[in-house]
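K.L.:
Each chain is listed here by its residues.
There are 4 protein chains.
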Amino acid sequence: MKAILLTGFEPFGGEKINPSLEIAKALDGKETETYKINSRELPCVFGEAIDQLRLAIQEVKPDLVVCVGQAGGRPDLSIERVAINVDDARIPDNKGNQPIDKPIIQEGPVAYWSSLPIKAIVKHLRDAGLPASVSQTAGTYVCNHVFYGLMHEIRQSSIRGGFIHIPFLPEQIQTRPHMASLSLDDMIRGIETAIQVSVDYEQDLLLEGGQTH
Amino acid sequence: MKAILLTGFEPFGGEKINPSLEIAKALDGKETETYKINSRELPCVFGEAIDQLRLAIQEVKPDLVVCVGQAGGRPDLSIERVAINVDDARIPDNKGNQPIDKPIIQEGPVAYWSSLPIKAIVKHLRDAGLPASVSQTAGTYVCNHVFYGLMHEIRQSSIRGGFIHIPFLPEQIQTRPHMASLSLDDMIRGIETAIQVSVDYEQDLLLEGGQTH
Amino acid sequence: MKAILLTGFEPFGGEKINPSLEIAKALDGKETETYKINSRELPCVFGEAIDQLRLAIQEVKPDLVVCVGQAGGRPDLSIERVAINVDDARIPDNKGNQPIDKPIIQEGPVAYWSSLPIKAIVKHLRDAGLPASVSQTAGTYVCNHVFYGLMHEIRQSSIRGGFIHIPFLPEQIQTRPHMASLSLDDMIRGIETAIQVSVDYEQDLLLEGGQTH
Amino acid sequence: MKAILLTGFEPFGGEKINPSLEIAKALDGKETETYKINSRELPCVFGEAIDQLRLAIQEVKPDLVVCVGQAGGRPDLSIERVAINVDDARIPDNKGNQPIDKPIIQEGPVAYWSSLPIKAIVKHLRDAGLPASVSQTAGTYVCNHVFYGLMHEIRQSSIRGGFIHIPFLPEQIQTRPHMASLSLDDMIRGIETAIQVSVDYEQDLLLEGGQTH
Chain E
1 MKAILLTGFE
11 PFGGEKINPS
21 LEIAKALDGK
31 ETETYKINSR
41 ELPCVFGEAI
51 DQLRLAIQEV
61 KPDLVVCVGQ
71 AGGRPDLSIE
81 RVAINVDDAR
91 IPDNKGNQPI
101 DKPIIQEGPV
111 AYWSSLPIKA
121 IVKHLRDAGL
131 PASVSQTAGT
141 YVCNHVFYGL
151 MHEIRQSSIR
161 GGFIHIPFLP
171 EQIQTRPHMA
181 SLSLDDMIRG
191 IETAIQVSVD
201 YEQDLLLEGG
211 QTH
Chain L
1 MKAILLTGFE
11 PFGGEKINPS
21 LEIAKALDGK
31 ETETYKINSR
41 ELPCVFGEAI
51 DQLRLAIQEV
61 KPDLVVCVGQ
71 AGGRPDLSIE
81 RVAINVDDAR
91 IPDNKGNQPI
101 DKPIIQEGPV
111 AYWSSLPIKA
121 IVKHLRDAGL
131 PASVSQTAGT
141 YVCNHVFYGL
151 MHEIRQSSIR
161 GGFIHIPFLP
171 EQIQTRPHMA
181 SLSLDDMIRG
191 IETAIQVSVD
201 YEQDLLLEGG
211 QTH
Chain F
1 MKAILLTGFE
11 PFGGEKINPS
21 LEIAKALDGK
31 ETETYKINSR
41 ELPCVFGEAI
51 DQLRLAIQEV
61 KPDLVVCVGQ
71 AGGRPDLSIE
81 RVAINVDDAR
91 IPDNKGNQPI
101 DKPIIQEGPV
111 AYWSSLPIKA
121 IVKHLRDAGL
131 PASVSQTAGT
141 YVCNHVFYGL
151 MHEIRQSSIR
161 GGFIHIPFLP
171 EQIQTRPHMA
181 SLSLDDMIRG
191 IETAIQVSVD
201 YEQDLLLEGG
211 QTH
Chain W
1 MKAILLTGFE
11 PFGGEKINPS
21 LEIAKALDGK
31 ETETYKINSR
41 ELPCVFGEAI
51 DQLRLAIQEV
61 KPDLVVCVGQ
71 AGGRPDLSIE
81 RVAINVDDAR
91 IPDNKGNQPI
101 DKPIIQEGPV
111 AYWSSLPIKA
121 IVKHLRDAGL
131 PASVSQTAGT
141 YVCNHVFYGL
151 MHEIRQSSIR
161 GGFIHIPFLP
171 EQIQTRPHMA
181 SLSLDDMIRG
191 IETAIQVSVD
201 YEQDLLLEGG
211 QTH
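Taken in order, these protein sequences are the chains called E, L, F and W.
Note that our numbering gives residue 183 to position 183 of the first sequence, counting from 1, and the numbers run on in steps of one.
Note that our numbering gives residue 114 to position 114 of the second sequence, counting from 1, and the numbers run on in steps of one.
Note that our numbering gives residue 148 to position 148 of the third sequence, counting from 1, and the numbers run on in steps of one.
Note that our numbering gives residue 158 to position 158 of the fourth sequence, counting from 1, and the numbers run on in steps of one.
Wrong hints could be hidden among the right ones.
Examples of chain F residues lying across from chain W (beta carbon under 8 Å, computed) [stated by the list, open to error]: (1) Arg74; (2) Arg126; (3) Leu130; (4) Ser133; (5) Pro170; (6) Gln174; (7) Pro177; (8) His178; (9) Ala180; (10) Ser183; (11) Asp186; (12) Gln211.
Within a straight-line C-alpha distance of at most 25 Å, the following computed PhoX-like cross-link-like pairs (lysine-lysine) qualify [as the list claims (entries may be wrong)]: (13) F:Lys61 x F:Lys2; (14) W:Lys123 x F:Lys16; (15) W:Lys2 x W:Lys25; (16) F:Lys123 x L:Lys102; (17) E:Lys102 x W:Lys123.
FYI, nobody ran anything at the bench for these hints, they're computed from the structure.
Backbone N, C-alpha and C define an ideal beta-carbon position, used for all residues, glycine too.
So that you can see chain E by itself, here it is in the shape it has in the complex (with noise of 0.2 Å):
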C-alpha cells in the first residue's frame, strides 16, 4: 500500500476557484488495493508553500508526491519534464510578493527532473480518452516553485514526485470565448490515472514526447 501525498492550490490571479484544489478534495482519502491518497491545499505564496508541503511530506511520510496547478489556457493535462531554480513573477502571488529571478534554493542546481513515469502516464491518459501532453517548462511562478521545491525535498529519498499542470474548469471560461478547458470529472480520472501509473510503473517507458521548440 502506498501513501500518496496530492496537492492542490488555492485560487489566485483573481479566479474564484482553483481546479486543482477541487481534484485535491475529491480524492482526499481515496483508497484503493494498491495505494492511499492524503490531499493537501497548498497557499499561492511563494516560500510558504514549499513550507507547507514540507509540512505536509513529515505528516504523510507519502511514496509518491504528485503536486497539481492550474494553467490556464492550456488545453490538456501537461506532464511536467522539468523543474528550474528560479522565481519570476509576472504577477504578483496572493500576499504580494513579486520576486524577479531569484533563485528558489540557493545553493540549488540549476533543475530537477520529474521523477514520475511522465511518458506512461501521457500514453495512459490518451488511451484513457483525455488529451495530455508532456510539458517541458512549468513557467516560472508558484507552480514552478513548488515543483522544484519539491524535488529537491525528495532528492536524496525514495520518494518520487512530480508536477501536473491542468486547463481551466468550463465555468472558468463562460466569459473567455474559444478558450480551452476541461471538465471537472474528466480532471479528476486523469489524475487517478495518473497516480496509478506512477504506482504501477517504477521505470518510464521509452515513448517521444518532446517539442521542436
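Place chains L, F and W on chain E using the hints.
P.N.:
For chains L, F and W alone, kept in the frame of chain E given last:
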C-alpha cells in the same frame, strides 16, 4: 414529437475518423418525449454533400436540422452564427475538388443566419460543464458549404437549422502535443443538449456572444 | 487620380494607442501619381462611428475607402472578406454602449462582401515580405459595425471599400509574453501596399484564401 | 574588440529556407568598434551539430557565442533562459536520427542557464520596436541540443553564450493562414541588437520576464 435530422461528415484531411460522424451514429434513432433523431452521413465533397442533405430532408421531413462538422484545433463546441455564400478550399475535398471563390448558390444572398437558438445553446452547454462559444465563421470549406446549402434549402419553410463545429477527439491528437480535444462522450452529451435546447427555445436568449475581431 | 479615404480608430479596450490611427495619421495627405489619401479618425462608439464615416465620405468624395482597425492578438494583416449585420459587444465601447444581437441596419441584408481585391492584396503583401491573410470574420464589435456600415453606404455607388485588421504594435505587448505584433513601419507599408493594389486591380485575382473552419 | 561566434541552422522539417542561416550569412564579417562577427552554419543533426560548434569555437576563439534557431509558429524573438540535458525528437533530424529521452552529455547536469543578459536583450529589442520575450523552454530537439552543448562546452571558460529562437519568415507562411512571421530585416536587426546588448551588459537587468505556467 419533433423530427430531428442530424448529420455528420465522413473523415477528411488525412484523418481516419471524424468525430461528427461518431456523434451522428451514436445518436441515430434516439427518442425522447419531445423529439426523435434521424442521423445521416454526408460526404466531404462540394456539391454532393448538399445533394445528399437535400435528399435527407425529403426523407426525414425534419422540424429541425443540426449539421455537425470537425474543426480540428478549436477547443470547444462552436455554435456557428452565420453561413456565407462562397467556397474557397484550402485543401482538396475527398474527390479532389478545390473550388476558389465560387458562390455556393449562384443567385443566393451573401449570407444566412443560423436559425438555432445559438446563445441559449451556449448557455446550456456551459451550464452542463462543457466548453462552448458562439463562432462568427464556419470557414469556407465543405462545412460552411453544407451550412449555407441547408439554410438556403429551408429558407422559406418552417424548418429550423444550423451548424455546430466540434474539436478533435483525444485519439486524433496523439502525435500533436498541446492541441485541444474533447472526449466523444462529452461531444455526444453536447450535441444532445444542443438539440434539446433547440426544441425547447423557439426564441433565442439575449446573451453576449460576440468577438471584438 | 483616385481619392482615397483611409480611416483609423481611437484607442479602446484600455489601450493608450491604436495602431490603426497611427497609420491613418502617417499616410494622411500622401499623394502618388495615381491616388491621394485623406485620413480620418473614427470614434470607437457604435452608431457615431458610422455617422462620422458617412460625413467623411461626403467630404472626401472617395473612389476607394479603406477602414483599418486593431485586432490585438492576430499575427498578421487580415484582409476582411465579409461584414455581417449584427452588433454583439463583448466589452462596452468608448461611451459605454454594449449592444447584443442588434442589427446594424434594420432592413439591411445579412452580410456584404468587401469590394477590395482581397486576394491580390494578400499576394502583394506577402511578396513584400509582410504577414497577411484573408480573414473570414471581422468580429461583431465596432470594427465589423463600421465595415458593414461602409458597405451599406456605398452599395449603390461606384465607390469600392473594405476593412483591414492589424496586429498590436510591439509597444502594446510589453507585458504580454509571446503575443504577436508588427512594427508601425511594416503596418504603414502594408496599408500603402493594400491601397496601391486596390487602385491597380479592378478585378480580384483567383487565389486560394479560405479556411477549413 | 570582442570576437562573436554567430550560428544558424540549415533548413529542416521540410522547409526550403531557415531564417537563422539567412541571419548568420547576412551578419558574417560585420565589424563595429566593439565587436566582430564570425558566422557558421550548423547541420540540423544531433551530435554533428555540437561537433561543428566545438570546432567553430576552437577556430573563432569567441568572447561571445549566439546560436540562433527557427521556432516556426512563435510570434517573437524568444531569448532562451535554460537548456536541458535531454534529446527527445518529435520528428527525425536531417540524417534520420530520432533520439528519445537520451541525455546530451552523459554526466552533464540537468540544465544550464544562458549566460546572455536575457532581460536586457528583451528590453532593448522591445525598445527597438521588435516583438521579444524571454522563453522558458528551447524544446527538446536540435536547437536545445546545441544550446546545451554550447553551455557545457563553455562552462569553465570566460566565454558567454546563449540561444535565440526566431519566427518563420513571411515567405514560409504563404500557405499557412494566420501564422506569425517576422521580416528578415527585423530579424537581422534583432540579432544585431542582441549581440550589441550582450557586449554592453556584463550583468543582466532585473526585469520581469517570467510565465505563470
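K.L.:
All hints, please: hold or fail.
P.N.:
Status of the hints after comparison with the structure:
1. A hinted interface residue such as Arg74 of chain F counts as satisfied when its beta carbon comes closer than 8 Å to some beta carbon of chain W; here the least separation is about 7 Å, so the hint holds.
2. The beta carbon of Arg126 of chain F is positioned within 8 Å of a beta carbon in chain W (closest approach about 6 Å), and the interface hint is therefore held.
3. The interface hint given for Leu130 of chain F is met, as the beta carbon of that residue sits about 6 Å from the closest beta carbon of chain W, less than 8 Å.
4. Restraint check, Ser133 of chain F versus chain W: the minimum CB separation of about 4 Å is within 8 Å; hint holds.
5. For Pro170 of chain F, the shortest C-beta to C-beta distance to chain W is roughly 5 Å, which falls under 8 Å, so the interface hint holds.
6. A least Cβ separation of about 6 Å between Gln174 of chain F and chain W falls short of the 8 Å threshold, and the interface hint therefore holds.
7. The criterion of a C-beta within 8 Å of any C-beta in chain W is met by Pro177 of chain F, whose closest approach is roughly 4 Å, and the hint holds.
8. Given the 8 Å rule on beta carbons, the hint for His178 of chain F holds: about 5 Å separates it from the nearest Cβ of chain W.
9. Against a cut-off of 8 Å between C-beta atoms, the interface hint on Ala180 of chain F holds, since the closest Cβ of chain W lies about 4 Å away.
10. About 5 Å separates the beta-carbon of Ser183 of chain F from the nearest beta-carbon of chain W, less than 8 Å, and the hint is met.
11. Taking 8 Å as the C-beta contact cut-off toward chain W, the hint placing Asp186 of chain F at the interface holds, the least distance being around 7 Å.
12. Hint status for Gln211 of chain F relative to chain W: holds, with the closest Cβ pair at about 6 Å, below 8 Å.
13. For the hint pairing Lys61 of chain F with Lys2 of chain F, the CA-to-CA distance comes to about 10 Å; that is within 25 Å, so the pair holds.
14. A C-alpha spacing of about 20 Å is found between Lys123 of chain W and Lys16 of chain F, which places the hinted pair at or below 25 Å, so the restraint holds.
15. Between Lys2 of chain W and Lys25 of chain W, the direct Cα distance comes to roughly 19 Å. Compliance with the 25 Å bound is thereby established for this hinted pair.
16. Proposed proximity of Lys123 of chain F and Lys102 of chain L is supported: the alpha carbons are some 19 Å apart, at most 25 Å.
17. Distance hint between Lys102 of chain E and Lys123 of chain W is fulfilled; the C-alpha atoms sit about 19 Å from each other, no more than 25 Å.
The structure shown violates none of the earlier numbered hints.
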